[in-house]
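Peer 1: The residues making up each chain are set out below.
Number of protein chains: 2
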Amino acid sequence: MSGRLAVVGLGPGDERYLTPEAAVALADAQALYGYGPYLDRVPARAGQSRHPSDNREEAARAAEALGQTAQGVSVAVVSGGDPGVFAMAAAICEQIATGPDTWRTLDVVFIPGVTAMLAVAARIGAPLAHDFCAVSLSDNLKPWPLIERRLDAAAQAGFAIALYNPVSRARPWQFASAVERLRRHLPPTAPVIFGRAVGRPDERVTVTTLESAANEAADMATLVIVGTRETRVIERPGRLPLVYTPRWIPRALAEAIA
Amino acid sequence: MSGRLAVVGLGPGDERYLTPEAAVALADAQALYGYGPYLDRVPARAGQSRHPSDNREEAARAAEALGQTAQGVSVAVVSGGDPGVFAMAAAICEQIATGPDTWRTLDVVFIPGVTAMLAVAARIGAPLAHDFCAVSLSDNLKPWPLIERRLDAAAQAGFAIALYNPVSRARPWQFASAVERLRRHLPPTAPVIFGRAVGRPDERVTVTTLESAANEAADMATLVIVGTRETRVIERPGRLPLVYTPRWIPRALAEAIA
Numbered sequence: 001m002s003g004r005l006a007v008v009g010l011g012p013g014d015e016r017y018l019t020p021e022a023a024v025a026l027a028d029a030q031a032l033y034g035y036g037p038y039l040d041r042v043p044a045r046a047g048q049s050r051h052p053s054d055n056r057e058e059a060a061r062a063a064e065a066l067g068q069t070a071q072g073v074s075v076a077v078v079s080g081g082d083p084g085v086f087a088m089a090a091a092i093c094e095q096i097a098t099g100p101d102t103w104r105t106l107d108v109v110f111i112p113g114v115t116a117m118l119a120v121a122a123r124i125g126a127p128l129a130h131d132f133c134a135v136s137l138s139d140n141l142k143p144w145p146l147i148e149r150r151l152d153a154a155a156q157a158g159f160a161i162a163l164y165n166p167v168s169r170a171r172p173w174q175f176a177s178a179v180e181r182l183r184r185h186l187p188p189t190a191p192v193i194f195g196r197a198v199g200r201p202d203e204r205v206t207v208t209t210l211e212s213a214a215n216e217a218a219d220m221a222t223l224v225i226v227g228t229r230e231t232r233v234i235e236r237p238g239r240l241p242l243v244y245t246p247r248w249i250p251r252a253l254a255e256a257i258a
Numbered sequence: 001m002s003g004r005l006a007v008v009g010l011g012p013g014d015e016r017y018l019t020p021e022a023a024v025a026l027a028d029a030q031a032l033y034g035y036g037p038y039l040d041r042v043p044a045r046a047g048q049s050r051h052p053s054d055n056r057e058e059a060a061r062a063a064e065a066l067g068q069t070a071q072g073v074s075v076a077v078v079s080g081g082d083p084g085v086f087a088m089a090a091a092i093c094e095q096i097a098t099g100p101d102t103w104r105t106l107d108v109v110f111i112p113g114v115t116a117m118l119a120v121a122a123r124i125g126a127p128l129a130h131d132f133c134a135v136s137l138s139d140n141l142k143p144w145p146l147i148e149r150r151l152d153a154a155a156q157a158g159f160a161i162a163l164y165n166p167v168s169r170a171r172p173w174q175f176a177s178a179v180e181r182l183r184r185h186l187p188p189t190a191p192v193i194f195g196r197a198v199g200r201p202d203e204r205v206t207v208t209t210l211e212s213a214a215n216e217a218a219d220m221a222t223l224v225i226v227g228t229r230e231t232r233v234i235e236r237p238g239r240l241p242l243v244y245t246p247r248w249i250p251r252a253l254a255e256a257i258a
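So the sequences go chain by chain: A and B. So that you can map any letter, position 251 of the first sequence is 251 in our numbering, and since no number is skipped, the others follow by simple counting. So that you can map any letter, position 132 of the second sequence is 132 in our numbering, and since no number is skipped, the others follow by simple counting.
Everything labelled a hint here was simulated from the structure, so no lab data went into it. Don't take every hint at face value.
Stated by the list, open to error - Covered stretches of chain A (chain B as the covering partner; in silico rule of three or more C-beta atoms under 8 Å from a C-beta of chain B): (1) 44-56; (2) 68-77; (3) 80-90; (4) 94-107; (5) 147-161; (6) 169-182; (7) 205-217.
Stated by the list, open to error - Among the chain A residues that face chain B by a calculated CB cut under 10 Å, a handful are: (8) Ile-111; (9) Ala-119; (10) Met-220; (11) Trp-248.
Glycine included, each C-beta is placed from N, C-alpha and C at the ideal position.
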């Protein structure tokens with residue numbers, strides 16, 4: 001008799017982004033696993049055990065959650081945003097791939113959520129309305145030259161770029177280096193959006209340009225969106241500007257890129 | 001006295017994906033605008049007017065919604081998935097950019113939702129867990145050679161690729177052509193996921209390979225995810241396989257790409 005494992009996306013940090021499907025999965029779980037600050041967002045329920053762990057213990061957390069599920073426990077593993085975007089879903093899959101064969105028979109569901117780039121984009125307009133990509137600037141699991149190669153490819157081909165994990169205490173120089181790299185391909189006036197803690201009381205969303213972006217404060221709770229050559233800013237009296245990338249592209253520019 | 005315009009993401013086609021924030025915005029609206037099939041998902045409320053329009057009338061729909069808002073009406077414009085991803089948010093911004101100055105003073109909010117690629121990825125594991133991109137295969141608003149250039153750039157640089165709008169009646173050959181293009185860069189065994197109508201009763205999710213992908217049925221309600229060289233498939237007895245892209249990348253491969 002085995003349990004069920006739900007890998008749950010909480011969305012950005014407020015319950016108004018939590019989907020009904022995710023809320024049901026959290027309520028049904030007997031045991032909750034996750035990075036401490038994410039787990040803290042889930043209201044306590046009687047009879048539910050809670051197992052917070054550190055940010056860097058994803059593999060161990062995934063293995064423990066699968067082991068509990070195999071023993072018949074109904075388990076939820078939580079991620080901020082969407083669990084499939086630079087988060088716990090891959091760690092769970094990696095453990096199933098390498099773990100006991102019986103883990104392949106378990107009932108495992110992944111419950112999507114609003115990932116950070118969508119929440120930040122919504123706060124400021126529609127900067128991701130044309131083709132776009134998501135790149136993690138963490139070089140813990142991939143080498144920095146590969147990240148540079150991807151930034152080159154994305155900027156040259158005209159993708160808007162969402163940068164996840166721009167900065168951490170252990171990675172202080174990577175964000176400024178990425179901005180420098182993008183300046184090889186994009187005009188200094190390309191709009192750049194910083195979204196910090198969207199949906200939380202200390203939310204802060206600012207708009208700057210690629211030229212000034214390296215001086216802007218970013219941290220682990222920040223998601224950065226870099227626009228394309230075509231991304232526009234609409235100034236509005238008394239409000240944040242709107243930033244959007246048009247859905248169409250001028251033929252001359254298209255020919256220059258292609 | 002002006003109203004308020006909410007540009008609302010409904011998520012995939014089931015209310016279990018509708019965020020509480022979106023539900024409140026829909027309930028508060030006096031007038032609802034959107035593509036007919038999306039509007040049909042919103043339960044009727046007394047006193048609310050409904051204004052369905054065709055898929056290709058996005059600019060006119062946006063202008064009408066803004067005009068109503070300027071007259072003091074509380075308006076919601078709905079999109080499936082997330083309004084900022086190949087949907088209504090950009091059409092609203094484009095109209096504000098070119099419309100009367102007073103439209104820049106309006107209270108406009110964008111409410112994010114779970115976009116199709118996140119819902120399809122969640123159904124099958126974690127294919128978007130590493131760097132990824134989203135490309136619309138519609139060449140209505142951009143020329144086909146530019147789409148090819150972006151597919152080349154994304155595949156060569158090792159991004160997983162979510163393909164929106166793969167096929168329509170007016171665009172019958174583009175999807176097969178995109179698959180051919182990707183085969184220049186990726187192995188024939190690269191996993192490809194077809195997700196149709198995720199969250200609806202007729203949902204269908206299948207996994208195939210790049211070699212066989214052009215023969216698979218796709219339509220306007222289908223979202224396709226093309227994996228990378230590193231994307232893995234875990235076969236499971238009696239269940240759909242799991243497909244995931246590891247978060248780390250082998251150094252030899254990284255050096256080959258960079």
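Peer 1: Find the hints from earlier in the document that the structure breaks and name them by number, from lowest to highest.
Peer 2: Hint check: 1, 2, 6, 7 and 10 fail, others pass.
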